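J.: Sequence:
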Amino acid sequence: MIAAPVPRATGTSRRLATACIVALTVTATAAYAQQIILGGGGGFRGAPKWATPQSFDGSWNYCRGFFTSDYREPGGSGWNTDFPAADNNFSVRLAELTFVSVKLASNRQPDNVVVRLTDPLLFHCPMLFMEDVGTAALDQDEIESLRTYLLKGGLLWVDDFWGSLAWERWQDTIARVLPPGEYPVFDIPPDHPILHTLYNVKSVPQVSSIQFWYRSSGDVSERGYDSQRVDFRGIQDHKGRLMVVMTHNTDISDTWEREGENREYFERFSPDGYAVGVNVVLYALTH
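So for the sequence shown, numbering that gives the first Met the number 0 puts the first residue at 0; every next one is plus one.
Honestly, the hints are just simulated from the structure, not real lab data.
Treat the hints with care, since some could be wrong.
Cut-off 16 Å, straight-line C-alpha distance, at most; resulting in silico cross-link-like pairs (EDC-like, lysine to aspartate or glutamate) [as the list claims (entries may be wrong)]:
{"id": "1", "residue 1": "K48", "residue 2": "D140"}
{"id": "2", "residue 1": "K201", "residue 2": "D230"}
{"id": "3", "residue 1": "K201", "residue 2": "D271"}
{"id": "4", "residue 1": "K201", "residue 2": "D186"}
{"id": "5", "residue 1": "K238", "residue 2": "E181"}
{"id": "6", "residue 1": "K102", "residue 2": "D56"}
{"id": "7", "residue 1": "K151", "residue 2": "D236"}
{"id": "8", "residue 1": "K201", "residue 2": "D190"}
{"id": "9", "residue 1": "K151", "residue 2": "D118"}
Predicted, not measured: the structure shown is a model, and the values here were computed from it.
Please work from the sequences and hints to get the whole structure.
T.: Next comes the structure, spelled out in structure tokens:
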């Protein structure tokens, strides 16, 4: 899926890489921008575009996991939180910033898909994105299919869930998928390869939704005292490969979804948000 070796950024080149992200996300690459129209975020979510066999041709698709919610978190909307603009914008920037071949649909938009956890097409996705997972209510078939997917080489990234209650609910859910006695949750250290696949990311930033950021005059802890610390956690297989990546008490996806809505928000959050996202995807494609 990667057409050529991807250079690593170190030291001064990390700062240069950040500047390049800023330049790209402000002006975009002309040839690619003519093909891709960035989503604008906002309240419109739209119907899911379900994966089909024709969705996959060996290129990279943004695969978003579908689930039913049994609980409502403030500011969240379940499986389609930040959908579809985050999916679209990240796919555009991934194509611009790396050699990853991003699948395009017939309308020249990124061919992003929504996948049910029990759909065999899930196994065409090297990586699965899910958000607001503190509200997820997975049945036994979904649990077993997700477990098989992860143990066979897939990677799940969950983002944008806040506070101790959401963490406890998700911890209970993922424990049914990967029993913690065999696959414990751990804090991913700053020197882990996933933070240095392309960009040297020193730490995962705390990012609030743009709506909370507006209301709070720039605060980023959406649950106040209960979400002051960003948790960057993982679950690995017996060989040390990350199967699950968790960004808790932060909203990395909003740095993609809302990149065109407010320049100050963009400049403060989007370069680091894209750096984290690109690193995670490249880790998934190379491990």
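J.: Hint numbers the structure violates, sorted upward?
T.: Number 1 - this is the single hint that the structure violates.
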